[in-house]
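Visitor: Which chain is which? The protein sequence lines are Y and P, in order.
Counting in our numbering, the first sequence runs from 718 upward without gaps.
Counting in our numbering, the second sequence runs from 40 upward without gaps.
Mixed in with the good hints, there may be bad ones.
Taking lysine to any residue and the SDA-like style, the derived pairs with C-alpha atoms no more than 20 Å apart in a straight line are [to be verified]:
{"no.": "1", "chain 1": "P", "residue 1": "K166", "chain 2": "Y", "residue 2": "H726"}
{"no.": "2", "chain 1": "P", "residue 1": "K352", "chain 2": "P", "residue 2": "K264"}
{"no.": "3", "chain 1": "P", "residue 1": "K137", "chain 2": "Y", "residue 2": "A771"}
{"no.": "4", "chain 1": "P", "residue 1": "K51", "chain 2": "Y", "residue 2": "K798"}
{"no.": "5", "chain 1": "P", "residue 1": "K111", "chain 2": "P", "residue 2": "G74"}
{"no.": "6", "chain 1": "P", "residue 1": "K51", "chain 2": "Y", "residue 2": "Q728"}
{"no.": "7", "chain 1": "P", "residue 1": "K111", "chain 2": "P", "residue 2": "K166"}
{"no.": "8", "chain 1": "Y", "residue 1": "K798", "chain 2": "Y", "residue 2": "Q728"}
{"no.": "9", "chain 1": "P", "residue 1": "K51", "chain 2": "Y", "residue 2": "Y725"}
{"no.": "10", "chain 1": "P", "residue 1": "K341", "chain 2": "P", "residue 2": "C377"}
{"no.": "11", "chain 1": "P", "residue 1": "K137", "chain 2": "Y", "residue 2": "K798"}
{"no.": "12", "chain 1": "P", "residue 1": "K111", "chain 2": "Y", "residue 2": "Q732"}
{"no.": "13", "chain 1": "P", "residue 1": "K51", "chain 2": "P", "residue 2": "G145"}
{"no.": "14", "chain 1": "P", "residue 1": "K51", "chain 2": "Y", "residue 2": "G810"}
{"no.": "15", "chain 1": "P", "residue 1": "K166", "chain 2": "Y", "residue 2": "Q772"}
These are computed hints drawn from the structure, not numbers from a lab.
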Amino acid sequence: MIRVVLPYHLQRLAQTDAEVQITVDGAVTTRTVLDALEVRYPMLRGTIRDHVTAQRRPFLRFFVCGKDISLESSDLPLPEKVASGEEVFLILGAIAGG
Amino acid sequence: MSGVRVLVGTHKGAFILTSDGKRSTWNVSGPFFGGWEVYHMKGSTVDPNRLYASQTSSWFGQIIQRSDDGGKTWFQPGTKPGEPTTGPDGMPLAESNKFVYDTSPGTGKPLTTHQWYDGTQHPWEFKRVWHLEPSYSDPNTVYAGVEDAALFRTTDGGQTWHELAGLRGHGTGAQWMPGAGGMGLHTILIDQKNPNRMFIAISAAGVFRTDDGGRTWKPANRGLKSQYIPDPNAEVGHCVHRIAMHPSRPDVLFMQKHWDVMRSDDAGESWHEVSGNLPSDFGFVVDVHAHEPNTVYVIPIKSDSEHFPPDGKLRVYRSRSGGNEWEALTKGLPQSDCFVNVLRDAMAVDSLDSCGIYFGTTGGQVYMSADGGDTWSAIVRDLPAVFSVEVQTLP
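Chain Y extracted, bound-state conformation (with noise of 0.2 Å):
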């Protein structure tokens, strides 16, 4: 079981609470955790990564264990304690403008 924070136009854009929570058949990376929590919620899709590319969009950014991993290949492992449930993985949106 997979822990996922999303900012707070997505909760109320897919109906969730802060934290939802998602199972990853396989090796739990970036890529996997987004496909696995798009595939919960669909509507989603588009809005943290581009529909065509799948790069992250420029305004969010991505923090697991007290690490920013934006910029990061999106398919190397996360930490275990991610993986387990132990810690969260964060989408954060910059704090930015109007």
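Got chain Y sorted already, so can you dock chain P onto it with the hints?
Guide: Below, chain P without anything else, positioned relative to chain Y:
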């Protein structure tokens, strides 16, 4: 008793203003999609309870929302609450916010770049939907004008969108460039007598016309003169802010350009200026009276960068002669210290016997006149900055 429903898109959400046919007392509902930019909302004329909204965010991208009950409840087409969230093959639904440019060789003559501000070529990048135009014959068919400029269409009620790639691919696309607000396709006019004919307008490329339902297009800018581009008479490159037509007279078009109010009497084959005695021929909106095809409304704005009403007076100008002779309409509108703007999609008319005119400002006011513009009052005064106003006349 008949009534009206005013659909207001703002910088921070959507609002719906309703009234009976007297239009003297109003109910305000919203915000819907609070915190998101709502560039445009529009209803189907075939099924007035079918509404579409463009909800966008620089953070989270494009969302298409749909209501089947006149705006009481909303959902993303394809992901209605309670429905399965995946199809039989396990793939996610919710393709409704997916706008992908056509790059197929068969349809698109695929274009990958347009002109950037500095003259270099720049990749086409989808940013948002500026305008949604439902078909006049089918509530499930809607056209979407997007930034970077392109035209999309859905025929399944917004669940999936496909580009009408002949517009970008017709030949001049590589010359188009963004205006200050981006390269948006902001106006879609459908000829109700001949739905195969449509006009679209792009800032800053100009007007284009199709006569075959969107398969092929040609520029329709002859007669436009823009001193701010290298060739003032160029085939494309004009910053057209808005065009309007009366459904009974689809060959007559009115245009508010970045400088100049223009008119065409031959379906865009040629244009001539009708700015006449306007205090400024810059502005964004233009619209036509519901029952008088020769009565036209504009709101003059100062430019190039000020973008507020001349002399701090918010004045709607009306021409009853199809242009050139304009009268200021001021009763009920602020005539001192007013420095709001009125954006290109923020004027609309209803079709009640006494035609109502509506417009919204960047100061958050939505003004209306129930007597064709003679007198005005504010329905609301303190909304977020208004991006768009549409009106539905209800039975």
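Visitor: So, for every hint listed, does it hold in this structure?
Guide: Results for each hint:
Between P:K166 and Y:H726, the direct Cα distance comes to roughly 18 Å. Compliance with the 20 Å bound is thereby established for this hinted pair. Between the alpha carbons of P:K352 and P:K264 the distance comes to roughly 28 Å, so the proposed pair goes past 20 Å and is violated. Proximity of P:K137 to Y:A771 is assessed by CA-CA distance (about 12 Å); at most 20 Å being required, the pair is judged to hold. Restraint check for P:K51 and Y:K798: not satisfied, since their Cα atoms lie roughly 38 Å apart, outside the 20 Å limit.
With a CA separation close to 18 Å, the supplied pair P:K111 and P:G74 stays within the 20 Å bound. A C-alpha spacing of about 17 Å is found between P:K51 and Y:Q728, which places the hinted pair at or below 20 Å, so the restraint holds. Our distance criterion of 20 Å between C-alpha atoms is broken by P:K111 and P:K166, whose separation comes to about 28 Å. With a C-alpha separation of about 23 Å, the suggested pairing of Y:K798 with Y:Q728 is violated against the 20 Å cut-off.
Among the hinted pairs, P:K51 with Y:Y725 is consistent with the structure: their alpha-carbon atoms are about 15 Å apart, no more than 20 Å. Simply put, P:K341 and P:C377 have alpha-carbon atoms about 12 Å apart, close enough for the 20 Å limit, and the pair holds. Distance check on the hinted pair: P:K137 and Y:K798 sit about 34 Å apart at the alpha-carbon level, beyond 20 Å; violated. Pair hint P:K111 plus Y:Q732 holds up; C-alpha atoms about 17 Å apart against a cutoff of 20 Å.
Between the alpha carbons of P:K51 and P:G145 the distance comes to roughly 40 Å, so the proposed pair goes past 20 Å and is violated. Distance restraint check for P:K51 and Y:G810: the Cα-Cα separation of roughly 17 Å lies within the 20 Å cut-off, and the hinted pair is therefore satisfied. Proposed proximity of P:K166 and Y:Q772 is supported: the alpha carbons are some 14 Å apart, at most 20 Å.
Hints 2, 4, 7, 8, 11 and 13 from the earlier list are contradicted by this structure; the remaining hints agree with it.
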